[in-house]
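> These are the residues of each chain, in order.
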Amino acid sequence: MVSRVLRGRLLLDHIGPTYTEVLKRQMESSASGAQDRLINKVIDKGLCVACGACVGLCPYFHYFDGKVLAMARCSRDTGRCVEICPLIDRGDIALDKMTSDVMNTPEIGPYKKIIMACSLDKEINEKAQYGGVVSSLITYALGKDIIRSAILTDAGDGYAPAGTVARSRSDVIGCAGSRYTASAGLEALNMAIKTGEQKLGIVGLPCQMEALTRMRHMGSDGENRANSIVLKIGLFCTWALDYRSLFADLRNRGLREPILKCDIPPPPAGVFQICTRDGWREFPLNDIRPFIKKGCSLCQDMTAEWSDISVGAIEGIDEWNTVVLRTDLGLRLMEQATEDGVVKVDDLPKKNLMHLAEASFNKKERGRLTRGEIR
Amino acid sequence: MALNLIITGVGGQGNVLASQVVGKAAVKRGLRVTIGETFGLSQRGGPVMSHIRLSRKRDYGPLIPPNKAHIIIGLEPLETIRVLPEYGNSETTFVVNSWPVYPLNVIADEVEYPDTERIRSILEDAGGKLYWLDATRLAIDLGAPILLNMIMLGTLCALPDFPLQMYDFKDVLVDMFPESRLELNYKALEIGNEFITENEN
Amino acid sequence: MKGISQRSGDIHLLLQGNEAIARGALEAGVVFCAGYPGNPSSEIIETLAEAARDLPIYVEWSVNEKVAVEAATAASFTGCRAIVVMKQNGINVALDFLTNLTLSGTRAGLVLVTCDDPSGISSTNEEDARIFARIIDAPLLEPTTPQEALVMTTWAFELSEKIENIVMIRSVSRLSHTRTRVLINELPSFDPRPHFDTGLSFHTFPVVAKHKMRHEKLDLARVLFEKSSFNHYEGAVRPELLIVSSGCAWTYVTEAVDILELSDRVGTLKLGTTWPLPKGFLKKHLAKCDRVLFVEDVDPFLEDNVKSFGADICMEIGPKEYMGKASGHTPSCGEQTPASILRVLGRLFSVDWQDHAFMDKVSPIVKDIAPPREFGLCPGCPHRGSYYAIKTALAWDDRDGFVSGDIGCYTMGIWPTGFNQVKSVHAMGSGLGLASGYGKLDRFGFHQPVVTVCGDSTFFHAAIPALINAKFNGADVLLLILDNSATAMTGFQPHPGTGKTAMGTKTDPVDMEALCRSLKVDVEVADPYDMLSTAKIIYRNMQQKGPRVLILRRKCALVEGRERGFPYKMRVDQDLCLGEECGCDRYCLRIFRCPGLVWDKHAQKAKIDGVICVGCGICSDICPQRAILREERE
Ligand SMILES: Cc1cc2nc3c(=O)[nH]c(=O)nc-3n(C[C@H](O)[C@H](O)[C@H](O)COP(=O)(O)OP(=O)(O)OC[C@H]3O[C@@H](n4cnc5c(N)ncnc54)[C@H](O)[C@@H]3O)c2cc1C
Ligand code: SF4
Ligand code: SF4
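Chains as they are written, first to last, in my numbering: chain A, 4 to 378; chain B, 12 to 212; chain C, 1491 to 2124.
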């Protein structure tokens, strides 16, 4: 330390501020900066869930190989990055969910109808996670020009899965199946908005749906940005995994990227199944738990309450999805798709609805508790 | 006594070449001359300062003692006031190019570049004579910013008491530049020279 | 035939200190010249290389300083005068050979020039190389002016032949880079007839006997020094203070004495032959007064040696008050300046020499408003692209990785211009040496990735053994060779990879990829201008084990600008740039920091500074708005 200070003083004579001084100045100037708050409250605490909402809004955040990273320090007092981040507490957005003509349950949030459904498209069925409802609806919406492109999450090529823009049926099928790692798909949304794309559809996790809601209230251009999205399909989610630590472990177990599909069969199986080019493998769920994103433990939304349509699994019925229709748009899209023979629907068994409500309620409780502990 | 001249500026402004022209011209005229050059790590962007000491009688060391500069040629305003406390005095003559070259820390908005008018008034108040000209602009108008150093050399030989004349400089430029570029450099010398003679009274 | 290689003498030329040394060597009929570039020494070999166009001499840039001395010594052993040139750090590299060489002795005149850099103006340290003259028992000469440097250099060859050992000359930046009127002498005819006399042998055995011979040679030098005109006294017959000084600092001393009007009260002893000390000469002058002040650059070399001699003869000359670095009268580090000398003399004689009225008026204002000027990489510098890619890859990787640095322009990676990526810098090749150590710490739980950088010239100079070490010991290291095809820091000297020698002849370039591959080290090449792709390659390499080399290849911007010119005319489209409205927080200026980009105060947007931007075009990749446009130049 002494020698560094000494050196610093000597250098000052000819060459301006030394590294330590500049660094200190940068820290000071940004101590109250918006980005600083995000870094201090979320990133440095390891709470970032890699939704990708802040990535691509400015040059300071990158998503790379499964991780959202602060690349440099920004000194601005206000910033869209803190306004959009779902991990930063923000009371006012709860209002967005309240529309008058819907059921609003404490467990599953607002909805018009809960059903079960599955795709009638063979090719989709083959690749889809469960019932293929998500991929079918997106393909359908593209075909009917309800949306012009869709923000999906790919399987990753060489690096971790990441957001991508799908414009065709084959693009959509290429993205079918769930990667259980947090993959910052919203970066692709920000990039698409930047290039002026309109009429966007998007598929994402509950945290990503929440970020989209915050987006409307963000900065001076939030409203415009939000208006470029017309369809939001949310996925059920209990938690997501951290790509890098998971893969460091999987590599040790002899697995190679990319992940084609993952599954967590309903309890009491207690296993994690993963499909790569080398086929399916199965590990005890407890081996995988250490790689759960820390921030997921704060999340109180299992069923993607801020979406038009939320889609999840159904315990015991592998080829079907639970589908929560939350908005008029969601309701109409599902009706049309059924009429046009793209999907078939049925009533969701009472027992499954009960289970869903219970699981969702449990996640809310856990989230509330942990939030108290961590903050 | 030596005539002490400082040429100060930043890398890339042709400082070293300018001081060499003065040196060579002085040697041709049979004067004693010593030039000390201070340039740091970088070829471009860092401060560069030449101390030139002309004398009829003896050789002087490469550094001018504190506050003993008779003439300070400032290729850049900030670098000019930087040398003021250390080398200037109440009789120093200043010839200063008013066109700033912003340091990186200024560009990055970490520190502020002083208002050039403020620099001008500080130099005016300091005592001696001040010639203030937009020499980079003149150089650009003439054809290239790098002609700045020749314009400033042109001002030098118009100063009263400066022992070298424009033809001395022209004479050494012949050996330093290809024929094709000579005319332009001569023109630059003349522009600087005219500026001083016009502003003399 | 003009300038430095002109055969006739008795002419005045404007010469730089380094040029004067070169001319002095030529006037001694030197035929073999070797060195390794390094500020402030480089111009000596460059000047000689230029002279080689007209004169039958041989000049080389050697791969490093040790090899340079060895090569030059071969010339000496075969009867050809030789000179070897380096900066202060170079002596450290060459020392192993030198300590043995002075035991074996030499034949034809062999002169070693070291150019020290007090205050480290363009160095990583301000080492005082004079101490090595003592260590190796070589005579040491210290010139004060370019004129004296010329004469001393010529004489050093005579001395070397007389005592049959190498002779050292020490210059400093201030002298090496001073230009002044110098009187040159005629050149001799160059007629070397190299022959190794197999009746002779050069080695260090028997060691003690050779050591004794070495001391005898030094004594012989001392005898010559006693009468040398390089030492002289000036001033009062019985001065109140005796100033002992050497090198460039002496010129400041004489001027300070004039300014303070002390010429009747002090005496100045100028020493040009500072090791071994001319004892008789010294004794005569030490006897003159009781107070002695030492003025010299960097270490108390004269001070310690004279004091020790003063102790030996204290019965004869009486006790003295010695003042200098030990007593705190002169600064113990950094360069001497007219101000530092005026300060000490003013204090000792109570003369107020400062223009207080003026200082009080301007100093505070200037201090207040003049910001320091931050150093930066040149506009268009490929290192900016390299460091941006490194910074990006390290941030992506997110394991608190860092850069182990080295010596060259890219040392500036320790500052904001290189995004503060470099966390350590020491000697040539040390970045990789350190990295090969970090690369073995994983067994103790060290998992921070380390990237090390070195220049192309540095690679050949000293990094190769470290690379072999990493390979041999299986260290996890990623070496980035920042190959800008020149020894840019010191002025674009050729090196083994450039395919050209100091004398401009073509040579088969050493292929660094092939060299690495022969070690079975993975090598890749990437373009530092393509920052994002390069970042990906660096990232990918960081995830791998074992030693790897990635060459980031692009010509130095100054060379490119001179040879071909850059392809683009740059422009910020101010309709696209959102200025403060953009969330980028002036990213291009604040973070990327190329001096070619500036803030347009009127428009409150970024703009290109047409005077400074060279048109490399890389910044257009970093603007989130894609507002920085590159247009092909015709
Ligand atoms: C991290 C994660 C956790 C989940 N946890 C649960 C759960 O606990 N309970 C439950 O019922 N369902 C969960 N799901 C949802 C379930 O896996 C299915 O995605 C959903 O049932 C839709 O099935 P599908 O057959 O219609 O999907 P498909 O038609 O196969 O479509 C899947 C869609 O998911 C998108 N996708 C894939 N990976 C990701 C990702 N990492 N982030 C965002 N989008 C992605 C793809 O873009 C694709 O469009 C989870 C999904 C993810 C990605
Ligand atoms: S040019 Fe680009 S990076 Fe620079 S201020 Fe404008 S928007 Fe920001
Ligand atoms: S093009 Fe951009 S990066 Fe290159 S010199 Fe110009 S301003 Fe600098």
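It is possible that part of the hints are untrue.
[Unchecked claim] Computed spacing ranges between beta-carbons, pair by pair:
1. Lys297(A) to Gln1938(C): 19 to 25 Å
2. Glu2071(C) to Pro109(A): 40 to 46 Å
3. Cys1823(C) to Asp252(A): 51 to 57 Å
4. Pro1546(C) to Ser191(B): 29 to 35 Å
5. Gln339(A) to Glu2071(C): 38 to 44 Å
6. Gly257(A) to Asn1590(C): 43 to 49 Å
7. Leu193(B) to Ser35(A): 34 to 40 Å
8. Arg40(B) to Pro1546(C): 30 to 36 Å
9. Gly2069(C) to Asn365(A): 47 to 53 Å
10. Ser35(A) to Pro171(B): 52 to 58 Å
11. Lys297(A) to Cys1823(C): 35 to 41 Å
12. Asp136(B) to Thr1589(C): 55 to 61 Å
[Said to hold, decoys possible] Examples of chain A residues toward chain C, derived with CB under 10 Å:
13. Tyr63
14. Gly82
15. Pro271
Source of the hints: derived by calculation from the structure; they are not laboratory data.
Source: prediction; values computed, not measured.
Where a beta carbon is used, it is the ideal one built from N, C-alpha and C, also for glycine.
> If a hint holds in the structure, say so; if it does not, say that too.
Verification of the hints:
1. One distance hint, 19 to 25 Å for the beta-carbon pair Lys297(A) and Gln1938(C), holds here, with the actual separation near 21 Å.
2. Look at Glu2071(C) against Pro109(A): about 41 Å separates their beta carbons, and that is inside 40 to 46 Å.
3. Between Cys1823(C) and Asp252(A), the C-beta spacing of about 53 Å keeps the proposed range 51 to 57 Å intact.
4. With their beta carbons about 34 Å apart, Pro1546(C) and Ser191(B) fall inside the hinted range of 29 to 35 Å.
5. The hinted window of 38 to 44 Å between Gln339(A) and Glu2071(C) holds, with their beta carbons roughly 41 Å apart.
6. Between Gly257(A) and Asn1590(C) the Cβ separation comes to about 56 Å, which falls outside the hinted range of 43 to 49 Å.
7. For the pair Leu193(B) and Ser35(A), the supplied restraint of 34 to 40 Å is violated, since their beta-carbon distance comes to about 59 Å.
8. Taking the beta carbon of each, Arg40(B) and Pro1546(C) are about 35 Å apart, inside 30 to 36 Å as hinted.
9. Checked against the given bound of 47 to 53 Å, the beta carbons of Gly2069(C) and Asn365(A), roughly 49 Å apart, stay inside it.
10. For Ser35(A) paired with Pro171(B), a C-beta distance near 57 Å keeps the hint of 52 to 58 Å intact.
11. For the pair Lys297(A) and Cys1823(C), the supplied restraint of 35 to 41 Å is violated, since their beta-carbon distance comes to about 51 Å.
12. A hinted range of 55 to 61 Å for the beta carbons of Asp136(B) and Thr1589(C) is consistent with their spacing of about 60 Å.
13. Hint status for Tyr63(A): holds, given a least beta-carbon distance of 8 Å to chain C, under 10 Å.
14. Here the hint on Gly82(A) is kept, as its CB sits about 7 Å from the closest CB of chain C, short of 10 Å.
15. With its C-beta approaching chain C no nearer than about 37 Å, Pro271(A) sits outside the 10 Å limit, and its interface hint is violated.
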